[in-house]
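Student: Sequence:
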Amino acid sequence: MFRRIAKVNAINIQSIDLSSQLQIGDSHQIIGRSRILAVQREQEFFFGNEGSLNQYPIFNRPIHLPPITKPLYEKKENIVGIIHVNHLSVIGAAGSAIVHIGNNDFTFMESKTKHIRQNAK
Numbered sequence: 001m002f003r004r005i006a007k008v009n010a011i012n013i014q015s016i017d018l019s020s021q022l023q024i025g026d027s028h029q030i031i032g033r034s035r036i037l038a039v040q041r042e043q044e045f046f047f048g049n050e051g052s053l054n055q056y057p058i059f060n061r062p063i064h065l066p067p068i069t070k071p072l073y074e075k076k077e078n079i080v081g082i083i084h085v086n087h088l089s090v091i092g093a094a095g096s097a098i099v100h101i102g103n104n105d106f107t108f109m110e111s112k113t114k115h116i117r118q119n120a121k
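For the sequence shown, the working numbering begins at 1 and goes up steadily by one.
Keep in mind the hints are simulated off the structure, nothing from the lab. For every residue, glycine included, the Cβ atom is placed at its ideal position computed from N, Cα and C. Just to be clear, a hint being listed does not mean it is correct.
Claimed, not checked - Per label pair, the in silico range of CB-to-CB distance: (1) K75 <-> R33: 31 to 39 angstroms; (2) F45 <-> K75: 55 to 63 angstroms; (3) G81 <-> L22: 18 to 26 angstroms; (4) R117 <-> I68: 31 to 39 angstroms.
To be verified - Within a straight-line C-alpha distance of at most 16 angstroms, the following computed EDC-like cross-link-like pairs (lysine to aspartate or glutamate) qualify: (5) K7 <-> D26; (6) K114 <-> E50; (7) K76 <-> D105; (8) K112 <-> D17.
Use the sequences and the hints to build the structure in full.
Tutor: Now the structure itself:
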């Protein structure tokens, strides 16, 4: 992996959450994963046996990535050994997102969310 210096003059990020990352500098591998079970009810109460993600098939299904059917062409011209960012402003990063300034060999991000809305009976 080509190594460069990452220089950031200013960065303003309002919010980073739910398995998200801010990475300044080189990294070899970034893997983010976010699994969320959100239950919304009209009244607040909690049954003690709730919260097992294994009850819901969505969390056990693999995410199938589409195959790459066209050849990829890449041209690199690393003349200067520095990545310079003057000012970066990010409102928010959530759900296994990444804000990355630098080099990286491998990135895999995954986010699965199950929303359940229940009305009072």
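Student: Next, verify each hint and record whether it holds.
Tutor: Each hint tested on the structure:
For K75 and R33, the Cβ-Cβ distance of about 32 angstroms falls inside the hinted range of 31 to 39 angstroms, so the restraint holds. In this structure the hint that F45 and K75 lie 55 to 63 angstroms apart at CB holds, the actual value being about 59 angstroms. Hint check: G81 to L22, Cβ distance near 22 angstroms, so the stated range 18 to 26 angstroms holds. The hinted range of 31 to 39 angstroms is satisfied by R117 and I68, whose Cβ atoms lie roughly 38 angstroms apart.
The straight-line distance between the Cα atoms of K7 and D26 is roughly 12 angstroms, inside the 16 angstroms bound, and the hint therefore holds. With a C-alpha separation of about 13 angstroms, the suggested pairing of K114 with E50 holds against the 16 angstroms cut-off. With a C-alpha separation of about 14 angstroms, the suggested pairing of K76 with D105 holds against the 16 angstroms cut-off. Taking the CA atoms of K112 and D17, the gap is near 15 angstroms; set against the 16 angstroms cutoff, the hint holds.
This entry satisfies every hint, going by the numbered hints stated previously.
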